[in-house]
Amino acid sequence: MLKIKDLHATINGKEILKGINLEVKPGEIHAIMGPNGSGKSTLSNVLVGHPAYVVTKGSVSFKEKDLFAFSPEDRSKEGIFLSFQYPVEIPGVSMVNFMRSAINEHRKYNGLEPLSASAFLKLMREKRSIVDLDVKLANRSVNEGFSGGEKKRNEIFQMAMLQPTLSILDETDSGLDIDALRVVAEGVNKLKSPTNSTIVITHYQRLLDYIKPDVVHVLYNGRIVKTAGPELALELEERGYDWIKAELGE
Amino acid sequence: MGAEKQYIDLFAQSEELINVHSAPLLNEQRSEAMRHFAKMGFPDKKSERYRYTDVEQLFAPDYGLNLKQLDVDANPYEAFKCDVPNMSTALYFIVNDSFYETNKVSAELPEGVLVGGLKDIAEKHPEILKKYYAQLADVSKDPVTAFNTAFAQDGFCIYVPKGVVLDKAIQLVSILRSTIDLIVNRRILIILEENAQARLLVCDHTTGTAQFLSTQVVEVFAADNAKLELYEIEETSRTNTRISNMYIHQAQNSSVHVNGMTLTNGTTRNTVDVQLVGRGAEVSLAGIAIEDTNQHVDNHTYINHKTTDCTSRELYKYVLNDFSTGAFTGRVVVSPGAQRTLSQQTNNNLCLSKNAKMYAQPQLEIYADDVKCGHGATTGQLDEAALFYMQQRGISQKEARMLLMFAFVNEVIDTISMEELKERLHYLIEKRFRGELNKCGSCSNCKLE
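So the sequences go chain by chain: H and A.
Here my numbering is used: the first residue of the first sequence is 1, the next is one more, and so on.
Here my numbering is used: the first residue of the second sequence is 1, the next is one more, and so on.
Keep in mind the hints are simulated off the structure, nothing from the lab.
Every value quoted in this text rests on a predicted model; they were computed, and no experiment measured them.
Incorrect hints may appear among the rest.
[Stated by the list, open to error] Computed list of lysine to aspartate or glutamate pairs in DMTMM-like fashion (alpha-carbon distance at most 20 Å, straight line): (1) 190/H - 132/H; (2) 306/A - 282/A; (3) 39/A - 56/A; (4) 398/A - 89/H; (5) 357/A - 54/A; (6) 39/A - 54/A; (7) 151/H - 383/A; (8) 151/H - 384/A; (9) 398/A - 78/H; (10) 39/A - 4/A; (11) 398/A - 74/H; (12) 57/H - 6/H; (13) 108/H - 399/A; (14) 5/H - 23/H.
All chains, please: the whole structure from these sequences, using the hints.
What follows is the structure, encoded as structure tokens:
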């Protein structure tokens, strides 16, 4: 599904990604862990086409197509979803209008007619229940005045609405208490299928107690320096990252 | 002094002609107004009051005046149906500067209420109007007001006697239509007696290719407990110039809401001058300007809290693209002794291009100590993070920008109490942002273009 080859990327002229290689197959859950500043968020931003990041080398194919040939909005419509670390507040734009625009653009891209108002509201209701998103929140402006937990629930709600084939969860656990974490993780698990894949970017093991990864990678200094099974996450939780740095001779 | 000479001469030669086609009440004010105009001349850019709009320059081109008030060959009912769908309004027309007389009775009005052409009402009811006409619009202080008072022959008038509430909103459609470039001078007089209530919607349209310079003087009298909502929508053309001076006088516990929306225009200057003279009076001024190419919108507001316990609120929002310019001046004076004044002023602006310019000038002068006054002015760009967030959900950049611009101006639309008008504005503003300008979709003019 996703093949990243020797990916280099910069922001403001500074190289952050220094040759990433990664392959994610349909149905797989990959966890990317690593210390602060290792390039985890840069990787997710590059994949969704954030304009501040410049790809200087390498390639990414998504479903056998060159990902970089697509605009950010078309990457979304091709099936890539980013659950933002810091979801943006958009005062004055209602959740309903926002979601309706998004859904209908996706449908248009796939040659479908726009959803009728009633079908759309029914879909909203249905998907809201996956993450227990309060109906009041769904009627407000996008993320405006939402608590940290509500914002993250809202991300997973949007994911449920758009049904992506590849979801990237960027620090979805940050700022969540244990109950909210469970709700969000359960939401992600409900959306899992044999054909869609997930990349979980996280600092901590605790999210991985709920979302079980098939593969765990350690990103350090712009490269993936270690790849193993789920047991690697537990080891990192216990021992921190220093031993990895030591293994690398730093 | 340059441009004014031709108008001073024209007035000297044509005063008789002007008077014949107007009403004595209006005629009585002319020579005094002209005397002041001749003394002041058009304001240039050195004038503090008009520093962002060069009025002298605007009057420089050669325009005609229709002093004989000749009928323009047009039936606005046939041509123009820019009414607000589903809103049952009492509908009136002004073509250029003449009230359009028609046999159609557009609405049954309660007894004693006068709505119609200013010339006609001034002739029939001078005893009512003489206490009001030209009493607020001071010809010695503003050259454009003086000019308008000297030349204006007709316009529109609303008089609502004590205790009468007009359920139906009044809609005045002003159509500028001519084969030659024209100056039009329009006058609006609104009188609400104690406990009277009215709502007025004025929309400005141009048709054809002639250039217009329109001056407008509006006088509003709100007596004790009177309530007025006044909406102005400008949808004219890129070559249109509009200079409007509105004067509002508010007595005890009166409430006035003015919302001026410039959707399409050339150069526009709107002045609103509010005198809060009765305790507990409340005024709210709001405005939207949507501009591109080299459009210019200058909203100049002056609110004078002359007594205690009055409230004023202002909310003005501009969206500027290309080479357009915007100006907002919000002068609020809290007079000595005007305790417990509440005043809040907000001016937010979006500059969508590097060449668009916004001049924001809040001015608070406070001469009382027990007051709560605030102001805030911001000028910025669309939120890049919000744009990207929306793009990541599949919304195209163009659509995302639309949603953000819409959200930005919507705060002003939300201050409108008439649901049908809100909906209509949503529709018009969306069209405007999509670049489908001047097409309202509901009248033959727009469909022909």
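Verification of the supplied hints:
1. The hinted pair formed by residue 190/H and residue 132/H meets the criterion: a straight-line CA distance of about 13 Å does not exceed 20 Å.
2. A distance of roughly 12 Å separates the Cα atoms of residue 306/A and residue 282/A; the hinted pair therefore holds under the 20 Å criterion.
3. For the suggested pair residue 39/A and residue 56/A, the alpha carbons sit about 14 Å apart, so the restraint of at most 20 Å is met.
4. For the proposed pair residue 398/A and residue 89/H, the alpha carbon gap of about 19 Å is at most 20 Å, so the pair holds.
5. Pair hint residue 357/A plus residue 54/A holds up; C-alpha atoms about 16 Å apart against a cutoff of 20 Å.
6. This hinted pair checks out: residue 39/A and residue 54/A have alpha carbons roughly 18 Å apart, not beyond 20 Å.
7. At most 20 Å may separate the alpha-carbon atoms for a hinted pair to count; residue 151/H and residue 383/A meet this at roughly 18 Å.
8. Note on residue 151/H and residue 384/A: the hinted pairing holds, with a Cα-Cα distance of about 19 Å set against a maximum of 20 Å.
9. Taking the CA atoms of residue 398/A and residue 78/H, the gap is about 19 Å. The hint holds against a cut of 20 Å.
10. For a cut-off of 20 Å, the pair hint linking residue 39/A to residue 4/A stands: about 10 Å separates their Cα positions.
11. Between residue 398/A and residue 74/H the alpha-carbon distance is near 13 Å, which keeps this suggested pair within the 20 Å criterion.
12. Taking the CA atoms of residue 57/H and residue 6/H, the gap is about 7 Å. The hint holds against a cut of 20 Å.
13. Taking the CA atoms of residue 108/H and residue 399/A, the gap is about 14 Å. The hint holds against a cut of 20 Å.
14. With a C-alpha separation of about 9 Å, the suggested pairing of residue 5/H with residue 23/H holds against the 20 Å cut-off.
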